[in-house]
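Peer 1: Heads up: the sequence lines are chains A and B, in that order. Under the working numbering, residues 845 to 1154 are what the first sequence spells out, in order. Under the working numbering, residues 30 to 311 are what the second sequence spells out, in order.
It is possible that some hints are incorrect.
As the list claims (entries may be wrong) - Ranges between beta-carbon positions, derived for each pair: (1) A:N957 with B:F54: 49 to 55 Å; (2) A:G881 with B:L305: 26 to 32 Å; (3) B:A43 with A:A1053: 20 to 26 Å; (4) B:Q286 with A:K907: 44 to 50 Å; (5) A:A1053 with B:W162: 41 to 47 Å; (6) B:T55 with A:S1054: 42 to 48 Å; (7) B:V250 with A:N957: 20 to 26 Å; (8) A:A863 with B:S255: 56 to 62 Å; (9) B:T55 with A:D865: 52 to 58 Å; (10) A:G906 with B:Y72: 40 to 46 Å.
Claimed, not checked - With a straight-line cut-off of 30 Å between C-alpha atoms, the simulated DSS-like cross-links for lysine-lysine are: (11) B:K307 with A:K907; (12) A:K858 with B:K59; (13) B:K59 with A:K913; (14) B:K307 with A:K913.
Worth flagging that the hints you see were computed from the coordinates, not collected in a lab. Remember, it's a predicted structure, so these values are computed and weren't measured experimentally. All residues carry an ideal CB built from backbone N, CA and C; glycine is no exception.
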Amino acid sequence: MIQAQSLTKHYGSKTAVDAVDFTVQPGKVTGFLGPNGAGKSTTMRMIVGLDQPSAGSVIVNGKPYHEHKAPLREVGVLLDAKAVHTGRSAYNHLRAMAATHNIPTSRVHEVINLTGLESVARKRVGGFSLGMGQRLGIAAALLGDPATLILDEPVNGLDPEGVQWVRKLTKQLAAQGRTVLLSSHLMSEMALTADHIIVLGRGRVIADASVADLIASAAQNTVRVRTPHTAALAALLAQEDVTITNAEQDVLEISGLTVNEIGDRAAAAQISLHELSAVSASLEDAYMKLTQNEVEYRTGDTHAEAEVAR
Amino acid sequence: MSTINLTQPSAARATFMSAGSGLSFTGLLKSESIKLWSLRSTYWTYSLVVVAALGIGVLMSFALSATAGFDPATGAPMPIDNAQIFVIASTSGLVLGQLIVAVLGVLSISGEYSSGMIKSTLTAVPNRLPALWAKVIVLFAFTVLIGLVSVVGSFLVAVPRLAVEDITASLFDVDVLLPLLGNVLFLALIAVFAVGIGAIVRSSAGGIATVLGIVLLLPTVVGLFSLAVEWVNDIVPYLFTVAGSEMVYPNTMESWQAFLVVMAWVVVSLGAAALLLKRRDA
């Protein structure tokens, strides 16, 4: 469990993280989203004490990270692929990390096998591909069999098999009751992996909800209607809270009405429909909507800010 | 008879509790020695220290036997005892070794910053200082070991050559052993001093330049200034390298005083490093 309270980080005059409050629950995969520079990495660095918060606090598994007697057994962290000396072999890197906590060499071999690094474990890390570096970072994070995992862009540079592997692994770790905090820019991947989403924008939490709730609240479901009588249908359905866009010839995209309502009204008015389908919003749609609001907020539109806060 | 539940109810997602061995200082010492000995540069630098010591030791044993008893500058007879000859033969090469271990000391920590390894180190040891102390102790211990190999090796290669000139001494003669150990101690303290500088500067190039400046350049520069400004002469013995040599060959101060001066340099370097390591974001 990770709990942040008014967590703040200033770099000079720039505020990277602005008084964020959030809780990352155990037993779930929590996705950490936000545009570049939103403060995700800085927040993750503060969780494991690499950066000191300017104000506020963050605790992991009940304590500030540095108060744990066995930090690597509490939190496994992948910050970026380059937290390894390039002149050292993957095996020796893991062995040196394991030694700090008296973790047996058998565990080093275990995480090497788990991450598929057997063939390159004795090679120097400097020659690793981005994907191999990521696998080594994940291996290091898993070394202490930690209760909490923090993975910053773990699928960055991984092949499709590796992406799928990370998805299964993180879900499995969460199912064991661990806390998993995961950041990624791949929305489709996040939608498949995460149970809960925290969205940061400009250093603030702009959404903190389950994936389903986030999509439902941020992006409206639309209905796609194909009819030769677009003008007549549009006139029929026009009312407040309903937006109708002419997506292509003979096709309307309508939000604010359900499939049933549109079908019934069209039938009553004897307008023939060639297609009537609900288009459900994706996590990506929701994310774009949220962060687009964030752009409005940046230019000082207070109305948008109120929307976001809600 | 017990039944086995094949499908775990979802409520079984009890919070995972971590278990197993924790952080320990002996673990950190082990980790730092793995780090030291899993880099090729360590083998290179330490080999160079020994090779330079032995090579220069051999050369010196020839030069010394030829000029023993004479002041090389004036050619006038000069009293020089056998023990002293052996000390010079055994330790002259260590001056080169001092520069090499200074570089090694800087790299042992600056390399962690340039590669990003420091993030792994500090997440494993979030209180940070134990990691620094472990690194210092490991580097000190191995440098003492390499220093001992160098001086004893140089002593042994000098023996047959000097015996030709009827110059003999025992390694365990206090006048031989103490100066040799003093040189070894200073060698290891240079490495430790360099770790501090590397941790302060956090860059390999900057750290190496700073350390070599202090070890190599500062005595020359201060020496030049002392020609123009007389009182500058008084600070010369307090320079790191000068005090290091006074530990072994007391001139303007006692050995123990020189040792305290050397330790002051080391403490300031490591103290500043510790303070900054604790305060700065990694």
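Peer 1: With a cut-off of 30 Å on the C-alpha distance, tell me whether K307 of chain B and K913 of chain A pass.
Peer 2: holds (18 Å)
Peer 1: Does the structure keep K858 of chain A and K59 of chain B at a Cα separation of 30 Å or less?
Peer 2: Violated - the C-alpha atoms of K59 of chain B and K858 of chain A are around 41 Å apart, more than 30 Å.
Peer 1: Within 49 to 55 Å or not, the Cβ separation of N957 of chain A and F54 of chain B?
Peer 2: violated (30 Å)
Peer 1: Should the hint that T55 of chain B and S1054 of chain A are 42 to 48 Å apart at their CB atoms be regarded as holding?
Peer 2: The hint (42 to 48 Å, Cβ to Cβ) holds, given that T55 of chain B and S1054 of chain A are roughly 46 Å apart.
Peer 1: Does K307 of chain B pair with K907 of chain A here, judged by a C-alpha cut-off of 30 Å?
Peer 2: holds (19 Å)
Peer 1: Hey, K59 of chain B versus K913 of chain A, does the alpha-carbon distance stay inside 30 Å?
Peer 2: Answer holds: K59 of chain B to K913 of chain A is near 18 Å, not above 30 Å.
Peer 1: Taking 40 to 46 Å as the stated bounds, is the beta-carbon spacing between G906 of chain A and Y72 of chain B within them?
Peer 2: At roughly 44 Å between Cβ atoms, Y72 of chain B and G906 of chain A fall inside 40 to 46 Å, so the hint holds.
Peer 1: Go ahead and decide if the range 52 to 58 Å is satisfied by the Cβ distance of T55 of chain B to D865 of chain A.
Peer 2: violated (40 Å)
Peer 1: Using the C-beta atoms of A863 of chain A and S255 of chain B, is the stated range 56 to 62 Å upheld?
Peer 2: For S255 of chain B against A863 of chain A, whose Cβ atoms are near 58 Å apart, the range 56 to 62 Å holds.
Peer 1: That 26 to 32 Å hint for G881 of chain A and L305 of chain B (C-beta), does it hold up?
Peer 2: Cβ of G881 of chain A to Cβ of L305 of chain B: about 27 Å, so the range 26 to 32 Å holds.
Peer 1: Falls inside 20 to 26 Å, the C-beta gap from V250 of chain B to N957 of chain A?
Peer 2: Because 57 Å falls outside the window, the suggested range is violated.
Peer 1: How does the Cβ-Cβ distance of A43 of chain B and A1053 of chain A compare with 20 to 26 Å: does it lie in that range?
Peer 2: holds (24 Å)
In summary, the structure is inconsistent with hints 1, 7, 9, 12 from the numbered list given earlier, while agreeing with the others.
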